[in-house]
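Asker: The residues making up each chain are set out below.
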Amino acid sequence: MATAIKARPAAVRWMVRGLSILACIALWQVASTTHLNLGIVTFRNVPPPVEVVQSALALFRSPKLTAHVTSSLWRVFAGYGAAVVIGVFLGFAIGRSRAASDLLLPPLELLRPIPAVAWIPLSILMFPSSELSMIYITFIGALFPIVLNTVHGVANVDRRLVASARSLGAGKLAILREVVLPDAAPSIVTGLAIGMGTSWFCLVTAEMISGQFGIGYYTWEAYTLQNYADIIVGMLIIGLLGMGSSWLLTTAGRLLMPWRSPKVAR
Amino acid sequence: MNIRVADIGTESVGRIDFADVSISLGSGGDAFEAVSGLDVAIAPGELVCILGPSGCGKSTLLGALAGHLPITAGRLTVDGQQVQSPSPDRGMVFQQHTLFPWKRVRDNVAFGPKMRGLARRERDRAADAILKLVGLSGFEAFYPAQLSGGMQQRVEIARVLINQPRVLLMDEPFSALDAQTRGMMQEVLLDIWSKIPTTTVFVTHDIDEALFLADRIVVMSARPGRVIEDVVLPFARPRSHDLVTEPEFVRLKRHVMQLLRRPEDSEPLARLSPLGVPS
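Protein chains in written order, with my numbering: chain A, 10 to 275; chain B, 610 to 888.
In isolation and in its complexed conformation, chain A is listed as follows (with noise of 0.2 Å):
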């Protein structure tokens, strides 16, 4: 009797938000069509969902997307996990000790502030190939969130469980991997998920300048062969692997931490 009467509104709740989709694709598709013109922003353009869908499909049969998409996946994949390893080590040397964290944190507070996307010219003309520049800008933009994280993690690590760990015999690396470490790690997996959202960001952003194939090239060289239907495939391919790297984090973590989560546990 009471699941039957809270299940409702569920269903009703899952209905609603499907239509609320339906309806944004619907308004879409209107507004393109007859080339809807508000003054401020103009929908001459852009090209309706059925004519993406069709660029899609033909994106999908043809070698291209593979090329395009595991390139960028590549630049992802070697910027972020060097910003994983350097960025995790930076930011335990900085939580657990006094010296490190004065000589390593000025430089790292003074460069914090410039935004990934203004490294872009300096970055073309320090490394030798426009992929090495890239490889750097998804680095230095997923670096910053994870080192403090990290570091916030690692410096707020419960006393008393330190405490706990030395009085039952733990040694000072023992202490780093059985405490300071899953202590952290929740702290540690929300800078990895931040990493990863501005990773991609800044991924995406220095295709478009430098790069050869990557998913955000592929975006830009759209709009300018006027292929605007193929903007829009490459902007729901962006956020589709965006989606797909934060979901593979979350499940990882969730995997990793049972204990947060004790019900499914057992």
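Rather than coming from a laboratory, the hints here were simulated on the basis of the structure. Hints are supplied without guarantee of correctness; some may be wrong.
[Claimed, not checked] Negatives, chain A to chain B, calculated, CB over 10 Å: (1) L68; (2) A76; (3) S80; (4) V94; (5) R105; (6) L120; (7) L141; (8) A172; (9) L177; (10) T259.
[Said to hold, decoys possible] Computed footprint of chain A on chain B, listed as stretches where at least three residues anywhere in the stretch have a Cβ under 8 Å from a Cβ of chain A: (11) 719-727; (12) 732-745.
[Unchecked claim] Computed cross-link-like contacts, DSS-like style, restricted to lysine-lysine with a CA-CA straight-line distance of at most 30 Å: (13) B:K741 with B:K804; (14) B:K723 with A:K181; (15) B:K862 with B:K741; (16) B:K712 with B:K741; (17) A:K181 with B:K712; (18) B:K712 with B:K723.
For each residue, glycine too, the CB sits at the ideal point set by N, CA and C.
We have chain A; now place chain B onto it with these hints.
Answerer: Quick look at chain B alone, frame taken from chain A:
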């Protein structure tokens, strides 16, 4: 049971001596003396409660005994050896929430043996045995968050006892529990202590708790903490909670209340932690 009963049972293990011990906390202008000129000797196998008002330095004392806080004067020894740093020999049970949330109950309890380098099978077997002793068989694979407060404190006790410590240190371990659970945990503790008679120093500000548990109560004054009186309790063991209505219990309770009466118009002090000044 893999308990060193032979060692613990002898009268030689677990002697504690405070000789003119003072402990200062804080730094610079905020520094103050939490404990001053303390002389207490605790015999092997004794269960001693340290009773005193909030902020009197009784937890500070325990922190020093555990090795988390340095003493500033005097001499503090366990079985003749000076206390210098934390050791599994001096097991500490905190007020609450010091189990590792990311470890299952069994792995929490097996932490000490793991640090000693025991193989997984052996340490799991030892953990399961001691969990049975504290009445938690069947909960080995749970996470701490899935247990009630009383069960969590049982895990804490098991996690410390598995190291076969010379002394068991308890910092208001039941004060966060509801009254009924607290009463039950006091009986659980006495039951465990009768099976593994370890020297126990139990810090509390609950007079009934101290009277019910202890062989001896060390009553401390407000800051800087000094011993006001050392009360030896005549009650036979095993004890049940009927004890609290007996005339002798009531008489001693009235006496201890007199000792702890705060002067009129004085403010209660902030609670200190065994890890120093709360930051």
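Asker: Hints first: check each against the structure and report whether it holds.
Answerer: Now for the hints, and whether the structure bears them out:
Residue placement check: A:L68 keeps its beta carbon more than 10 Å from all beta carbons of chain B (closest about 44 Å). Its beta-carbon lying about 42 Å from the closest one in chain B, A:A76 satisfies the requirement of being farther than 10 Å from that chain. A cut-off of 10 Å between C-beta atoms confirms that A:S80 is not in contact with chain B; the least separation is 38 Å. Here A:V94 stays apart from chain B, with its beta-carbon at least about 22 Å from theirs, past the 10 Å limit.
Annotated as non-interface, A:R105 keeps its C-beta farther than 10 Å from every C-beta of chain B; the closest such distance is 17 Å. Under the 10 Å C-beta cut-off, the non-interface status given to A:L120 relative to chain B holds; the minimum distance is some 30 Å. Distance to chain B confirms A:L141 as a non-interface residue, since its nearest Cβ pair spans about 38 Å, more than 10 Å. With a minimum CB-CB distance of about 5 Å to chain B, A:A172 fails to clear the 10 Å threshold, and the non-interface call is violated.
Annotated as non-interface, A:L177 brings its C-beta within 10 Å of a C-beta of chain B; the closest such distance is 4 Å. Its beta-carbon lying about 17 Å from the closest one in chain B, A:T259 satisfies the requirement of being farther than 10 Å from that chain. Only when three residues or more bring their CB closer than 8 Å to a CB of chain A does the claim for the stretch 719-727 of chain B stand; here the count is 4, and the claim holds. Here the stretch 732-745 of chain B counts 0 residues with a CB under 8 Å from a CB of chain A, which misses the bar of 3, and the coverage is violated.
About 13 Å separates the Cα atoms of B:K741 and B:K804, which keeps this hinted pair within 30 Å; it holds. Distance check on the hinted pair: B:K723 and A:K181 sit about 14 Å apart at the alpha-carbon level, within 30 Å; holds. Restraint check for B:K862 and B:K741: the C-alpha separation of about 35 Å exceeds 30 Å, so the hint is violated. At most 30 Å may separate the alpha-carbon atoms for a hinted pair to count; B:K712 and B:K741 meet this at roughly 18 Å.
For a cut-off of 30 Å, the pair hint linking A:K181 to B:K712 stands: about 19 Å separates their Cα positions. Proposed proximity of B:K712 and B:K723 is supported: the alpha carbons are some 13 Å apart, at most 30 Å.
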